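Number of protein chains: 2
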Amino acid sequence: MFKAEITVTLRPSILDPQGKAAHHALDELGFEGVRQVRIGKFVEMEIEAATAEEAERVAREAGDKLLANPVMEDFEVVIHELTSA
Amino acid sequence: MFKAEITVTLRPSILDPQGKAAHHALDELGFEGVRQVRIGKFVEMEIEAATAEEAERVAREAGDKLLANPVMEDFEVVIHELTSA
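Just so you know, the protein sequences line up as chains A and B, in that order. Plus 24 on top of the position in the first sequence (first one is 1) and you've got my numbering. Plus 24 on top of the position in the second sequence (first one is 1) and you've got my numbering.
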């Protein structure tokens with residue numbers, strides 16, 4: 025069993041109103057030094073697969089077909105093996 | 025300048041309808057081997073700070089005060105130094 029961590033981020037050219045709102049809220053709360061805030065998704069999937077390579081293939085296909093918007097978003101995949109003991 | 029990556033995840037005991045919906049959609053698309061899907065947030069912050077420790081303190085305070093719901097969510101912080109050249 026593997027765990028895939030998929031981080032989905034807006035492309036740099038795409039405006040991020042949710043991030044802007046969080047940045048504004050941090051300013052209002054008195055935070056200093058915060059220069060930019062961008063908000064994306066963090067998806068954890070447990071995948072039954074024979075190898076880490078197969079789990080990564082499944083996770084990347086899920087990113088392409090469902091989790092990320094190919095026009096506006098990029099994603100990265102990290103695979104961890106879960107101990108089955 | 026530092027970049028903080030803050031991953032906000034629902035606690036394991038909290039139901040995740042968005043993750044359930046994504047899991048169901050993956051099943052409908054014919055994905056095999058996917059056992060669980062949980063969806064959280066991935067926040068990237070650029071922070072002007074003297075040291076990585078100070079940037080991490082700012083990022084953790086932002087997580088505590090704004091980005092994560094302390095009843096339902098946990099968060100982790102990773103700090104990267106951005107080259108200013």
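The set of hints was computed from the structure by calculation and includes no laboratory data. Just to be clear, a hint being listed does not mean it is correct.
If chains are identical, the list can't say which one is meant, so a pair holds when it fits in one copy or spans any two.
The calculated lysine to any residue pairs, modelled on SDA-like cross-linking and capped at a C-alpha distance of 25 Å, are [said to hold, decoys possible]:
#: 1; residue 1: LYS89; residue 2: ASP51
#: 2; residue 1: LYS27; residue 2: GLU72
#: 3; residue 1: LYS89; residue 2: THR75
#: 4; residue 1: LYS65; residue 2: GLU105
#: 5; residue 1: LYS44; residue 2: PHE55
#: 6; residue 1: LYS27; residue 2: GLU85
#: 7; residue 1: LYS89; residue 2: THR107
#: 8; residue 1: LYS44; residue 2: ASP98
#: 9; residue 1: LYS65; residue 2: PRO36
#: 10; residue 1: LYS27; residue 2: GLU70
#: 11; residue 1: LYS89; residue 2: GLU77
#: 12; residue 1: LYS89; residue 2: GLU72
#: 13; residue 1: LYS65; residue 2: MET25
#: 14; residue 1: LYS44; residue 2: GLU80
#: 15; residue 1: LYS89; residue 2: GLY54
#: 16; residue 1: LYS27; residue 2: VAL102
Source: prediction; values computed, not measured.
Intra/inter-copy verdict for LYS27 and VAL102 if alpha-carbon distance must be at most 25 Å: both (8 Å within a copy, 19 Å between copies)
First find the shortest C-alpha distance between LYS27 and GLU85 inside one copy, then the shortest across copies, and answer within, between, both or neither for a cut-off of 25 Å. Within one copy only: 15 Å inside, 28 Å across.
Please sort LYS65 with MET25 into within, between, both or neither, judging by C-alpha distance up to 25 Å. For LYS65 and MET25, both the intra-copy (23 Å) and inter-copy (24 Å) Cα distances are at most 25 Å.
25 Å Cα cut-off: does LYS89 pair with GLU72 within a copy, between copies, both or neither? within (19 Å within a copy, 37 Å between copies)
At most 25 Å between CA atoms: does that hold for LYS89 and ASP51 within a copy, between copies, both, or neither? Between copies only: 12 Å across chains, 37 Å inside a chain, cut-off 25 Å.
Please work out whether the CA atoms of LYS65 and PRO36 approach to 25 Å or closer within one copy, between two copies, in both situations, or in neither? Close inside one copy (15 Å) and across copies (17 Å); limit 25 Å.
Alpha-carbon proximity context of LYS89 and GLY54, limit 25 Å: Cα proximity of LYS89 and GLY54: across copies only (11 Å, versus 41 Å in one copy).
When no copy is named, should LYS89 and THR75 be tagged within, between, both, or neither for a Cα gap of at most 25 Å? within (21 Å within a copy, 40 Å between copies)
Within, between, both or neither, where LYS44 and GLU80 count as close if Cα-Cα is 25 Å or less: Between copies, since 20 Å is at most 25 Å while 32 Å is not.
Alpha-carbon proximity between LYS27 and GLU70, which holds within one copy, between copies, both or neither at 25 Å: Intra 5 Å, inter 28 Å, cutoff 25 Å: intra-copy only.
Within a copy, between copies, both or neither: which one fits LYS89 and GLU77 at a CA-CA cutoff of 25 Å? within (18 Å within a copy, 39 Å between copies)
For LYS44 and PHE55, with the copy left unspecified, which applies at a CA distance of at most 25 Å: within, between, both, or neither? within (14 Å within a copy, 35 Å between copies)
Checked against the numbered hints above, the structure breaks only hint 7 and satisfies the rest.
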